[in-house]
Amino acid sequence: MDRRSFLSLAAGSGLVTAVPMSARANPAPIASKARIVIIGAGAAGTALANRLSMRLQGASITVIDPRSQHLYQPGLSLVAAGLKPAKYVTSDTSQWLPDDVSLVPEAVEAVDAEAKTVATQSGQSLPYDYLVLAPGLVLDHDAIEGFSLDLVGSHGIGALYAGPEYAAKTWEAASEFTETGGLGLFTRPATEMKCAGAPLKHTFLIEDIASRAGAAGKYEMHYLAPQSALFSVPIVAEKVRMLFGARGIDAHYNHTLMAVDPGAKTATFRKITRNGESGVASESLETLPYDYLHVIPPQRAPEFVRQSGLSWADRWTDQGWVEVEPDTLRHRRYPEIFALGDVAGVPKGKTAASVKWQVPVVEDHLLAALSGQEGTAIYGGYTSCPLITRVGRAMLVEFDYNNDLVPSFPGVIAPLEELWISWLMKEVALKATYNAMLRGQA
Amino acid sequence: MQELTFETLIAVFEEIFGRGLFWTMVVGAGLVTLAYLYVLIRDRAVSWRKFLLAQLSMPIGAIAAVLFVQRMTHSQFSDLGGPVDVIVLLGVAVMGAIGMAILVYTTEALFGRRRNDTAGEP
Numbered sequence: 002m003d004r005r006s007f008l009s010l011a012a013g014s015g016l017v018t019a020v021p022m023s024a025r026a027n028p029a030p031i032a033s034k035a036r037i038v039i040i041g042a043g044a045a046g047t048a049l050a051n052r053l054s055m056r057l058q059g060a061s062i063t064v065i066d067p068r069s070q071h072l073y074q075p076g077l078s079l080v081a082a083g084l085k086p087a088k089y090v091t092s093d094t095s096q097w098l099p100d101d102v103s104l105v106p107e108a109v110e111a112v113d114a115e116a117k118t119v120a121t122q123s124g125q126s127l128p129y130d131y132l133v134l135a136p137g138l139v140l141d142h143d144a145i146e147g148f149s150l151d152l153v154g155s156h157g158i159g160a161l162y163a164g165p166e167y168a169a170k171t172w173e174a175a176s177e178f179t180e181t182g183g184l185g186l187f188t189r190p191a192t193e194m195k196c197a198g199a200p201l202k203h204t205f206l207i208e209d210i211a212s213r214a215g216a217a218g219k220y221e222m223h224y225l226a227p228q229s230a231l232f233s234v235p236i237v238a239e240k241v242r243m244l245f246g247a248r249g250i251d252a253h254y255n256h257t258l259m260a261v262d263p264g265a266k267t268a269t270f271r272k273i274t275r276n277g278e279s280g281v282a283s284e285s286l287e288t289l290p291y292d293y294l295h296v297i298p299p300q301r302a303p304e305f306v307r308q309s310g311l312s313w314a315d316r317w318t319d320q321g322w323v324e325v326e327p328d329t330l331r332h333r334r335y336p337e338i339f340a341l342g343d344v345a346g347v348p349k350g351k352t353a354a355s356v357k358w359q360v361p362v363v364e365d366h367l368l369a370a371l372s373g374q375e376g377t378a379i380y381g382g383y384t385s386c387p388l389i390t391r392v393g394r395a396m397l398v399e400f401d402y403n404n405d406l407v408p409s410f411p412g413v414i415a416p417l418e419e420l421w422i423s424w425l426m427k428e429v430a431l432k433a434t435y436n437a438m439l440r441g442q443a
Numbered sequence: 092m093q094e095l096t097f098e099t100l101i102a103v104f105e106e107i108f109g110r111g112l113f114w115t116m117v118v119g120a121g122l123v124t125l126a127y128l129y130v131l132i133r134d135r136a137v138s139w140r141k142f143l144l145a146q147l148s149m150p151i152g153a154i155a156a157v158l159f160v161q162r163m164t165h166s167q168f169s170d171l172g173g174p175v176d177v178i179v180l181l182g183v184a185v186m187g188a189i190g191m192a193i194l195v196y197t198t199e200a201l202f203g204r205r206r207n208d209t210a211g212e213p
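As you go down the protein sequences, you meet chains G and H in turn.
Per the numbering used here, the first sequence runs over residues 2 to 443.
Per the numbering used here, the second sequence runs over residues 92 to 213.
Calculated directly from the structure, the hints in this document are not laboratory data.
Incorrect hints may appear among the rest.
Unchecked claim - Straight-line distance between alpha carbons at most 25 Å, and here's what the computed SDA-like set of lysine to any residue pairs gives:
{"hint": "1", "chain 1": "G", "residue 1": "Lys34", "chain 2": "G", "residue 2": "Gln374"}
{"hint": "2", "chain 1": "G", "residue 1": "Lys88", "chain 2": "H", "residue 2": "Trp114"}
{"hint": "3", "chain 1": "H", "residue 1": "Lys141", "chain 2": "H", "residue 2": "Val185"}
{"hint": "4", "chain 1": "G", "residue 1": "Lys88", "chain 2": "H", "residue 2": "His165"}
{"hint": "5", "chain 1": "G", "residue 1": "Lys88", "chain 2": "H", "residue 2": "Ile193"}
{"hint": "6", "chain 1": "G", "residue 1": "Lys219", "chain 2": "H", "residue 2": "Ser169"}
{"hint": "7", "chain 1": "G", "residue 1": "Lys88", "chain 2": "H", "residue 2": "Gly109"}
{"hint": "8", "chain 1": "G", "residue 1": "Lys88", "chain 2": "H", "residue 2": "Phe113"}
As the list claims (entries may be wrong) - Here are some chain G residues the structure puts well away from chain H; computed CB gaps all over 10 Å:
{"hint": "9", "residue": "Pro303"}
{"hint": "10", "residue": "Asp315"}
{"hint": "11", "residue": "Arg394"}
{"hint": "12", "residue": "Ile422"}
By construction, the Cβ of each residue, glycine as well, lies at the ideal position given by its N, Cα and C atoms.
Chain G extracted, bound-state conformation (with noise of 0.2 Å):
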């Protein structure tokens, strides 16, 4: 019912609402006075600030985090295809958080969970009882050689993850390829990443834009993945592939990007290539030119987390993801800290849709340890994913942890399906469900 009435939400933007609306019930609040720290105001830090604000009384309830401005991240690739603005994403974070709430704009500099307290960048020392990690994570733009942020919007290259005035400029980039035509590469990084389908999106976005444009029948557009697959989740990777090939648009397996010339607007890729006999890989070079580069670096969980010994030791050692339980979001070390989001070191979830699902669960252990008993809530690995395939066009992907698919309108909204109504949730409808979601309402 969750999942249903929350997509069933979306769907009214396509005027086929059909689930009856329901009163909310507000629980009696529980008295408490806990000492809540939650670092990071995004998505997920500021709708579990909201929903505890709402369930407990007399808790003191502390968000951390340095940057005065809220980004609605799913808007990024609409941005960077021209079809929004980029003032479509932000807002501010202060806006969002109760007044119960206090707000610490500042960058945490590093946890003690054996102390319980956190340390901020100005060297103030916050102490608690429950500690949620919900700071996001970092784009390391510097392990790409000859790449820096100031290159994106001129030499062809974009780069829409790194915030909305980069996805305005990766459209002024990608626009012009749309025009004039040429080479396109589009990558994506061998770490874990948000959103694994924006990689994809972008890939569709501007090539549907360029087909319909100045380009038309005067580009061609590769799409270069340090995976084996084209997507995670096998039966979506297969679909995708097709649609690929129908597009035209040739995919490259085992290439990560490691170096960019945007004076020679040439892109070097690490090639990986297995003999077929032996099975030995081998690693080489490659070089290619183009007219417009697309660059997602590799994603790292922030400094402090990983310095402060909260990390997997034996998994994403190079990327530096919270040690949780994936179906609870409980450290597994430290039972009184909590990961959300995009930090959270389980194998799917880093999405607004993830977050969504994530914040009761964890909500409920939370309130649960509060009272002395244990939560019985799950996480299942929930994430969806309204994969842009055209302009006006979507497929509604949604799957878990075990790489099922799990479509929230089996036989209505079909979830491999290039719909008209995928799009309008994803254009119109996800924004007010974020936002409800931010509130703690939905």
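Given the coordinates of chain G, work out where chain H should sit on it, guided by the hints.
Quick look at chain H alone, frame taken from chain G:
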């Protein structure tokens, strides 16, 4: 807590059309509906002559509503990808048709009345 509320539905529509346009349309639709109810009560009957013209205007309303929604959502007819899309499109068209019929009926009843009155007088 994961429920559909009236507030979020309103927020969805504000998002689709923009806050200003959405509330302008809501006020507009509200005024037309009130005026429609007014003429129904005033005339104490449905005028079938006016209703005929209202019916003739329905296809125009249907097409206008579809084109309007497409314009607001960067969409076109070729984006329809499955049965559910056709249902959504027809839903938009039906709402546009009904809205247009009410608008035309009410406009005629309010402003076309004098002609009808004099036609009935000796």
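Hints, one by one, checked against the model:
1. G:Lys34 with G:Gln374: Roughly 16 Å separates the two Cα atoms, so the pair holds.
2. G:Lys88 with H:Trp114: holds, 22 Å
3. H:Lys141 with H:Val185: holds, 20 Å
4. G:Lys88 with H:His165: holds, 18 Å
5. G:Lys88 with H:Ile193: violated, 38 Å
6. G:Lys219 with H:Ser169: It holds: about 23 Å lies between the C-alpha atoms, which stays within 25 Å.
7. G:Lys88 with H:Gly109: Holds: G:Lys88 and H:Gly109 sit about 14 Å apart, inside 25 Å.
8. G:Lys88 with H:Phe113: holds, 20 Å
9. Pro303: Fine: 29 Å to the nearest Cβ keeps G:Pro303 off the interface.
10. Asp315: holds, 35 Å
11. Arg394: violated, 5 Å
12. Ile422: At roughly 5 Å from the nearest Cβ of chain H, G:Ile422 sits no farther out than 10 Å, so the non-interface label is violated.
When held up to the earlier numbered hints, the structure conflicts with 5, 11, 12 and fits the remainder.
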